Amino acid sequence: MDLIVQGIIKAFELIISFDPEVMGITWLSLKISGTATFISLFIGVSIGTAVALNNFYGKRLVISLINTGMGLPPVVVGLFVTMLIWRSGPFGFLEILYTPYAMIVAQAIIATPIVMGISLAAIQNLPPNLRLQILSLGASRLQMVWVLIKEARLPLLAAVMAGFGGVISEIGASIMVGGNIKGYSRVLTTATVMETGKGNFDIAIALGIILLLVAFTINALLTQIQQRQHPR
Amino acid sequence: MKVFRNTKVIVTLLIASLLFVFGISNVFAAKAAPRQKNIILATTTSTQDSGLLDVLLPIFEKKTGYFVKTISVGSGQAMKMGERGEADVMLVHSPDAEKKFIADGFGVNRQLVMHNDFVVLGPAADPAKIKGVKSSSEAMKMIAQTGALFLSRGDNSGTHSQEKKLWKNAGIKPEGQKWYQETGLGMGQTLNVASEKQGYTLADRGTYLAMKKSLSLAILVEGDAALLNIYHVMEVNSAKWPKANAPGAKAFADFMVSRKTQEIIKTFGVDKYGSPLFFPDAGKKVEDLGK
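Here the protein sequences line up with chains A and B, keeping their order. Per the working numbering: the first sequence = residues 55 to 286. Per the working numbering: the second sequence = residues 253 to 543.
Hints listed in this document are in silico derivations from the structure and should not be mistaken for laboratory results. Please read these numbers as outputs of a predicted model, since none were measured by experiment. Ideal Cβ positions, reconstructed from N, Cα and C, are used throughout, including at glycine. Keep in mind that the hints are not guaranteed to be accurate.
[Unchecked claim] With a Cα cut of at most 27 Å, we get these calculated DSS-like pairs of lysine-lysine:
id, chain 1, residue 1, chain 2, residue 2
1, B, 386, B, 420
2, B, 464, A, 236
3, B, 502, A, 236
4, B, 383, B, 351
5, B, 386, A, 236
[To be verified] Now the in silico label distances, taken between C-beta atoms and shown as ranges:
id, chain 1, residue 1, chain 2, residue 2, range
6, B, 506, A, 118, 51 to 61 Å
7, B, 516, A, 104, 56 to 66 Å
8, A, 59, B, 449, 21 to 31 Å
9, B, 289, A, 110, 42 to 52 Å
10, A, 59, B, 527, 27 to 37 Å
11, B, 381, A, 56, 29 to 39 Å
12, A, 133, B, 470, 34 to 44 Å
13, B, 357, A, 271, 48 to 58 Å
14, B, 468, A, 125, 36 to 46 Å
Please construct the entire structure, taking both the sequences and the accompanying hints into account.
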């Protein structure tokens with residue numbers, strides 16, 4: 055019990071004193087996971103929408119695959135990304151192993167199916183006649199898609215939150231492709247594991263609390279945007 | 253009006269996201285040195301968990317302009333990385349495996365850096381009554397006979413190989429026994445597990461001293477010649493792996509055995525723990541250690 059109290063006190067100390075190392079780690083976590091979520095947003099929403107709006111042979115199989123991807127184990131992603139970007143791997147020439155870029159790639163791969171699955175469901179959930187109505191009002195196909203995406207913004211923002219929440223709290227892939235290098239690729243989750251290993255439980259707890267605070271702040275902001283306009 | 257507000261939300265989101273992307277590229281651009289500036293150092297968890305590298309690396313980077321990417325894993329995995337050419341230089345403590353690594357042509361220029369020693373740790377209650385036993389293999393035998401819980405790293409690290417050697421000296425096969433558990437974790441985490449479960453374990457003195465405050469484990473056996481823990485630095489064979497950063501690896505190895513670094517190693521930890529965590533050995537012979 056002492057330890058937890060100590061940890062909480064330490065967390066506030068680190069936050070209030072703007073400890074440069076902890077701030078750097080927090081900021082890097084935000085940047086890496088934010089960028090990864092942003093990339094996954096583009097790929098996820100566009101493919102999700104495309105699959106939702108088109109009928110083709112094997113559509114159910116594709117949807118099953120996307121839904122399975124929502125539960126993609128991060129360590130498996132980490133393993134495959136590592137093998138691909140090894141010096142001896144097919145993308146070794148990029149030399150991005152143990153860099154924040156590799157972490158962005160891995161996290162984007164983890165977040166994309168999550169965003170894709172939720173946006174697919176969101177678009178499919180819109181009343182089917184809405185499309186016909188929009189088109190009959192003279193909209194082009196692209197305009198129709200845009201209106202549909204805007205119509206589905208509530209679940210789409212939920213998709214962003216789910217994707218971001220998934221990657222900022224992720225550790226397996228981050229430590230494998232990032233390497234937990236001090237001041238360079240060390241993020242909140244990998245630092246927490248390392249400090250636990252070192253027996254610095256107070257700092258580990260503090261980092262955990264900061265991670266929760268960050269996740270809460272981001273989600274509160276997104277929820278604010280999401281809930282600003284009440285659904286009809 | 254509604255359309256306007258929607259657009260505003262989307263534009264805000266877009267701008268925020270763009271800021272992320274640009275922010276990230278700016279910060280990394282400052283750090284992204286030319287490719288040969290990066291050195292991948294594969295090392296053991298003990299050098300990182302004890303805090304030694306946190307002291308040495310900034311000095312090295314400032315002096316040479318290289319950027320060291322430390323990947324701290326077990327010695328076994330570190331050498332596996334070297335075998336694949338995924339690391340440039342290794343700082344490890346698994347002498348037998350190192351000799352094989354060099355003999356197989358994966359590494360060059362193996363140099364003695366420092367040593368400390370392993371200690372057998374256990375609960376203060378000491379159910380196997382090994383406290384003060386001089387011979388480490390005798391102590392291992394007593395643990396096995398009592399069937400007292402022993403926590404092994406189980407990860408092919410330097411400490412794990414050393415532990416296996418001690419069991420072999422004692423003529424015992426611990427794998428699969430009920431009292432023998434493998435954590436598969438680093439040194440720090442294994443110490444936490446041993447402390448929590450009140451079991452015996454083998455650890456390097458450096459990591460133990462650095463973590464002592466949060467552990468309820470005591471040193472029970474120490475000082476046996478079989479418990480010597482020796483660290484070497486090795487460069488990856490660049491003839492085999494042309495992509496490896498050979499000049500960087502050499503610079504790092506030279507740095508580790510330089511007089512100044514050896515002085516730092518000698519005093520590292522004294523102010524905090526009352527005794528040094530490592531003893532510098534550059535230029536010495538392995539046979540002369542611990543005498």
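Hint check results:
For the proposed pair residue 386 of chain B and residue 420 of chain B, the alpha carbon gap of about 17 Å is at most 27 Å, so the pair holds. For the hint pairing residue 464 of chain B with residue 236 of chain A, the CA-to-CA distance comes to about 23 Å; that is within 27 Å, so the pair holds. With a C-alpha separation of about 22 Å, the suggested pairing of residue 502 of chain B with residue 236 of chain A holds against the 27 Å cut-off. Between residue 383 of chain B and residue 351 of chain B the CA atoms are separated by roughly 33 Å; this puts the pair beyond 27 Å, and the hint is violated.
For the given pair, residue 386 of chain B sits about 40 Å from residue 236 of chain A by alpha-carbon distance, which is inconsistent with the 27 Å threshold. Look at residue 506 of chain B against residue 118 of chain A: about 57 Å separates their beta carbons, and that is inside 51 to 61 Å. The supplied range of 56 to 66 Å is met by residue 516 of chain B and residue 104 of chain A, whose beta-carbon atoms lie about 59 Å from each other. Roughly 24 Å separates the CB atoms of residue 59 of chain A and residue 449 of chain B, a value that falls within the hinted 21 to 31 Å.
About 49 Å separates the C-beta atoms of residue 289 of chain B and residue 110 of chain A, a value consistent with the hinted range of 42 to 52 Å. The hinted range of 27 to 37 Å is satisfied by residue 59 of chain A and residue 527 of chain B, whose Cβ atoms lie roughly 31 Å apart. A C-beta distance of roughly 32 Å is found between residue 381 of chain B and residue 56 of chain A, which places it inside the suggested range of 29 to 39 Å. The given range of 34 to 44 Å is respected by residue 133 of chain A and residue 470 of chain B, whose C-beta atoms sit roughly 39 Å from each other.
Checked against the given bound of 48 to 58 Å, the beta carbons of residue 357 of chain B and residue 271 of chain A, roughly 53 Å apart, stay inside it. For residue 468 of chain B and residue 125 of chain A, the Cβ-Cβ distance of about 39 Å falls inside the hinted range of 36 to 46 Å, so the restraint holds.
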